[in-house]
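Participant: One line per chain: the protein sequences are A and B, in this order.
Under our numbering, the first sequence has 114 at position 114, and the numbering climbs by one with no breaks.
Under our numbering, the second sequence has 1017 at position 17, and the numbering climbs by one with no breaks.
These are computed hints drawn from the structure, not numbers from a lab.
Some hints could be false.
[Stated by the list, open to error] Now the in silico label distances, taken between C-beta atoms and shown as ranges:
id	chain 1	residue 1	chain 2	residue 2	range
1	B	LEU1204	A	SER100	22 to 30 angstroms
2	B	PRO1246	A	LEU63	27 to 35 angstroms
3	B	ASP1125	A	LEU43	16 to 24 angstroms
4	B	HIS1077	A	VAL28	42 to 50 angstroms
5	B	ALA1064	A	SER100	48 to 56 angstroms
From the three backbone atoms N, C-alpha and C, an ideal C-beta is built for every residue, glycine too.
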Amino acid sequence: MTPLLAQGDPVLPVDHSRQTLVAILLAVSMLLVVLELIRRRRLREEYSLLWIGTALALLVLALNRDGLIWLSSLIGATTPNTTLFFGALVFLMLLGLQFSVRLSRLTYRMRKLTRQVGLLEEELRRRDRTD
Amino acid sequence: MISTSEALSRPATWAEPTTPRILVIIPAKDESGSLPGLLAELAPVHPATDTLVVDDGSNDETRAIAITGGCRTVRHHVNLGYGAALLTGYHFAMREGYTHVVQLDGDGQHPPHAIEALLGPLREDGADVVVGSRYLASNQGQNWGLRRFASKIIAWFASTWTGHKITDPTSGFQALSPAALALLCSDGFPEDYPDADVLIWLHLNGMRLHEVPVAMRPRVAGVSMHGGMRVAYYFYRLAVCLLLLPVRRHSPWRSERRR
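Chain A on its own, in the form it takes in the complex:
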């Protein structure tokens, strides 16, 4: 297996200001997109909470590099990047779980409605026949 980074490959110099800029841009555009979706009523407020929260968290960490480094040492991550990736992973997991719960609720309601429609339909049919 060839190593990901071979000897002699150019290693990009770490440019913190660029990292920060990209993170800020990402966070701001995420905020804008989510808010715009809410404005157009394409996204219900109840589902936007996790997205907004994540965008804000990203923004805070991007603006406050010391905070990111402090957080990294807190969770035992070796680099600040790991912290960001880890955070993204946790976010996706939470989002997936939230969807599963919502789906379960939706299924429950759908079943109940289907049942109710069926029962009412039969009652109607019965009445039509006896009237």
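With chain A held as given, fit chain B onto it using these hints.
Facilitator: The following block gives chain B in isolation, referenced to the frame of chain A:
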């Protein structure tokens, strides 16, 4: 523990003045092949009972056949699954004031002439749930390999837990007392594949279980609901349900219930 706060008084037994009204519930999905024969068989056996066919989103003439056969019908416009069809049947029975319920599958596996044998223990022994078992009958040499083996383990487990002998927990051929019917309508009935967990749940809520031998028949037509990946999911779900059974709570969305 599962809450028994549904205020389930002991059943209004057959001895009480209210005359029993029995409803036969037949959950059916695409059973136009077997349903006419089944209904024809049912008519002379139980002329006094009403029959409800729950059409679980069939794509064939299941409902029309049921109506022609003089049955009440409830149709699910989308397919919800076997357990959901049963639950609809229970709700229908409650709405219409039936006291006892007999459920049998629409595929013709369950012989209508055995209904009387199922009702017996309800009447005489004060049982709440009577299950028709294919394995209790000695002449049933059915061997389904892995599935049979797994179902044996589950049966042993359910028997040990409840202290009642249960050999065929997957059997859909059952008779229910008024108390069992009310309990099943309350909440917590699994709507996809009811199995041993339902029996254990009923037992935990004070229901008395009973099994009677029934000689099942091969299905007349249609497709079995147990097949392929479904069997795998079936056992997974059962494992989760059994594991969480003693600590499970009611659905948080049930408060949306009107009644």
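Participant: The structure should be examined with respect to each hint, and the outcome stated for every one.
Facilitator: Here's how the hints hold up against the structure:
1. LEU1204/B <-> SER100/A: 22 to 30 angstroms: holds (27 angstroms)
2. PRO1246/B <-> LEU63/A: 27 to 35 angstroms: violated (50 angstroms)
3. ASP1125/B <-> LEU43/A: 16 to 24 angstroms: About 58 angstroms separates the Cβ atoms of ASP1125/B and LEU43/A, which means 16 to 24 angstroms is violated.
4. HIS1077/B <-> VAL28/A: 42 to 50 angstroms: Between HIS1077/B and VAL28/A, where Cβ atoms are some 46 angstroms apart, the hint holds.
5. ALA1064/B <-> SER100/A: 48 to 56 angstroms: Cβ of ALA1064/B to Cβ of SER100/A: about 38 angstroms, so the range 48 to 56 angstroms is violated.
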